[in-house]
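Given chain A's structure and the hints, the job is docking chain B onto it.
Each chain, letter by letter, is given below.
There are 2 protein chains.
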Amino acid sequence: MPETTPAPCAPEDVRRVACIGAGVIGGGWVAHFLARGYDVTAWDPAADAEDRLRRLVAAAWPALEQIGLADGASQDRLTLAPTLGEAVAEADFVQESAPEKLELKRSLLAELAAATRPGVVIASSTSGYPMTDMQTAAEHPGRLVVGHPFNPPYLIPLVEVVGGERTDPEAVAWASRFYDVAGKSVITMDRELPGFIANRLQEALWREALHMVANGEATVEDIDASITEGPGLRWAFMGPCLTFALAGGEGGMAHMLDHFGPSLKSPWTRLEAPELDRALRDAMVDGCREAAGDRTYADLVAARDQGVIDVLRATGRLGSTRR
Amino acid sequence: MPETTPAPCAPEDVRRVACIGAGVIGGGWVAHFLARGYDVTAWDPAADAEDRLRRLVAAAWPALEQIGLADGASQDRLTLAPTLGEAVAEADFVQESAPEKLELKRSLLAELAAATRPGVVIASSTSGYPMTDMQTAAEHPGRLVVGHPFNPPYLIPLVEVVGGERTDPEAVAWASRFYDVAGKSVITMDRELPGFIANRLQEALWREALHMVANGEATVEDIDASITEGPGLRWAFMGPCLTFALAGGEGGMAHMLDHFGPSLKSPWTRLEAPELDRALRDAMVDGCREAAGDRTYADLVAARDQGVIDVLRATGRLGSTRR
Numbered sequence: 001m002p003e004t005t006p007a008p009c010a011p012e013d014v015r016r017v018a019c020i021g022a023g024v025i026g027g028g029w030v031a032h033f034l035a036r037g038y039d040v041t042a043w044d045p046a047a048d049a050e051d052r053l054r055r056l057v058a059a060a061w062p063a064l065e066q067i068g069l070a071d072g073a074s075q076d077r078l079t080l081a082p083t084l085g086e087a088v089a090e091a092d093f094v095q096e097s098a099p100e101k102l103e104l105k106r107s108l109l110a111e112l113a114a115a116t117r118p119g120v121v122i123a124s125s126t127s128g129y130p131m132t133d134m135q136t137a138a139e140h141p142g143r144l145v146v147g148h149p150f151n152p153p154y155l156i157p158l159v160e161v162v163g164g165e166r167t168d169p170e171a172v173a174w175a176s177r178f179y180d181v182a183g184k185s186v187i188t189m190d191r192e193l194p195g196f197i198a199n200r201l202q203e204a205l206w207r208e209a210l211h212m213v214a215n216g217e218a219t220v221e222d223i224d225a226s227i228t229e230g231p232g233l234r235w236a237f238m239g240p241c242l243t244f245a246l247a248g249g250e251g252g253m254a255h256m257l258d259h260f261g262p263s264l265k266s267p268w269t270r271l272e273a274p275e276l277d278r279a280l281r282d283a284m285v286d287g288c289r290e291a292a293g294d295r296t297y298a299d300l301v302a303a304r305d306q307g308v309i310d311v312l313r314a315t316g317r318l319g320s321t322r323r
Numbered sequence: 001m002p003e004t005t006p007a008p009c010a011p012e013d014v015r016r017v018a019c020i021g022a023g024v025i026g027g028g029w030v031a032h033f034l035a036r037g038y039d040v041t042a043w044d045p046a047a048d049a050e051d052r053l054r055r056l057v058a059a060a061w062p063a064l065e066q067i068g069l070a071d072g073a074s075q076d077r078l079t080l081a082p083t084l085g086e087a088v089a090e091a092d093f094v095q096e097s098a099p100e101k102l103e104l105k106r107s108l109l110a111e112l113a114a115a116t117r118p119g120v121v122i123a124s125s126t127s128g129y130p131m132t133d134m135q136t137a138a139e140h141p142g143r144l145v146v147g148h149p150f151n152p153p154y155l156i157p158l159v160e161v162v163g164g165e166r167t168d169p170e171a172v173a174w175a176s177r178f179y180d181v182a183g184k185s186v187i188t189m190d191r192e193l194p195g196f197i198a199n200r201l202q203e204a205l206w207r208e209a210l211h212m213v214a215n216g217e218a219t220v221e222d223i224d225a226s227i228t229e230g231p232g233l234r235w236a237f238m239g240p241c242l243t244f245a246l247a248g249g250e251g252g253m254a255h256m257l258d259h260f261g262p263s264l265k266s267p268w269t270r271l272e273a274p275e276l277d278r279a280l281r282d283a284m285v286d287g288c289r290e291a292a293g294d295r296t297y298a299d300l301v302a303a304r305d306q307g308v309i310d311v312l313r314a315t316g317r318l319g320s321t322r323r
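So the protein sequences, as listed, match chains A and B.
Position one of the first sequence corresponds to residue 1 (the UniProt record's numbering), numbered consecutively onward.
Position one of the second sequence corresponds to residue 1 (the UniProt record's numbering), numbered consecutively onward.
Extracted from the complex, chain A is given alone in its bound form (with noise of 0.2 Å):
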């Protein structure tokens, strides 16, 4: 039962950002906003909250500085209020960052919901949390969405918006617009999922790192090691699927199915694998196909590898792979 009551503005106009909880992500999400010069009142009940919150973003703000600061950008547009009513009272726009605890997320939302401006589209942090579940106390749910930010929110630009049952599509479709005006790389959900995309990835990853940690397997070092002078140089530029389209060679996805599909039965993690039927192999074939989009093999190749030069460069790791 979506309410119906628009935002108060156009996610384009936007001012003034209200932002929840102000930890390690609170005070990311404070530091993203500041930078791209929106005013931001933030409310923490912690007796440190605003001490630890402007060493935080004082500390973020170099780093900031080097991508860009928006115009009129400034720490000084910060402001701690001593309520939440008050934080959230004028804000165009709210971003919750508390602990991960459903039943405070659940609380807290309805009562953000409450005090906020009608229409005002509130957006979760929460790590994992359906909205579904964190929305049922809510008097007004259908402009709580979920709005899931990488550490640091400032420097990470990717964020999952998805709603809940009883949100409001026109509120996952604002959210979505507004992060993308406020310089975040958006992915929108159709569907709840725990977890959401990335961070079930991540998390399989993270799994499979624990248990070879808890049967002496790997080392933790191992661990970083392998994945930072492994996989994760082609990570940050292109991901998982295309990556192992182009493993396929001039084959492709469909090759590389064709030729490792078998490797999906092996024990190289606990994780079972799906069956790899056609529907499945024609969905990856298929992705791939249109993510290279005009790309032939031979471009992908070069983009891969210029890629990983220039990350292998940045990192500062150029001259270590010399003779």
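Note that these hints are calculated values from the structure, not bench results.
Careful: at least some of the hints might be erroneous.
Unchecked claim - In the EDC-like style, the derived pairs of lysine to aspartate or glutamate whose C-alpha atoms are separated by at most 20 Å in a straight line are: (1) A:K101 with B:D258; (2) B:K265 with A:D133; (3) B:K265 with A:E272; (4) A:K265 with B:E272; (5) A:K265 with A:E275; (6) B:K101 with A:D258; (7) B:K265 with A:E100.
Same frame as chain A, now just chain B:
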């Protein structure tokens, strides 16, 4: 029962490398060894192998020139041998990159061990077979090791080195040292593990991605973007463990595990997590502390931020986050 014939030369004195199999991976190895100034003899039974190989090396060469060639490195130092025996007869080291079929690897490695000079170390590029299973047919199994690269081997530094039950530990040490001299970044494993380390991590992520596509939960485009716009930007220079330690704020991995530990029980991926007991918690915390070394939390945050900025800039994405 390790054999005791020592390698005919020290890892530092290798002049001629034989590459057996010249597909995407084998050809990538050829390019790497040529660029590092070795004489390379290749063999591949395919009719068009020489054409394909020379094309691959020529395509890779501009990238290798950018990285910086070793003194005397030249594409002219590549010879295609008409037979496997001639390819390896004078080799100081052999890299086998045949198709991923166990029986084929088994007989090929036996043939190679018989055709090389005594003591020459032979490494397999296998993506996941344990050497114990591959060395069963060889008369001199002591010098057979796994040397598992990432695609493309001429750019991605990582190589994972591990022996089988019948491998001489001296051969593992020799191979690790040789790869190091040849400009690779080496992880030497003390036990066999299906998929080694990086592939297990990568495969867990990949299988979760396949499940999501199979269930219509995410598209190929979403999956690739969720990595390149998200965690992939950090993983190019900071591994998943240290990255997650920073998500714990000043409290590091200990705080992170206490805070997000319960989410290991959440269905954020189809892979079940191990029990987060005291031993695992300590191993993760200690490993991250060791990785951090003398660097404070603030140092690590600054390094991560600079790394992300450098990677964004290197991959042409700065400016896109400006409002």
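### Query
Of the numbered hints stated previously, which ones are contradicted by the structure, given in increasing order?
none
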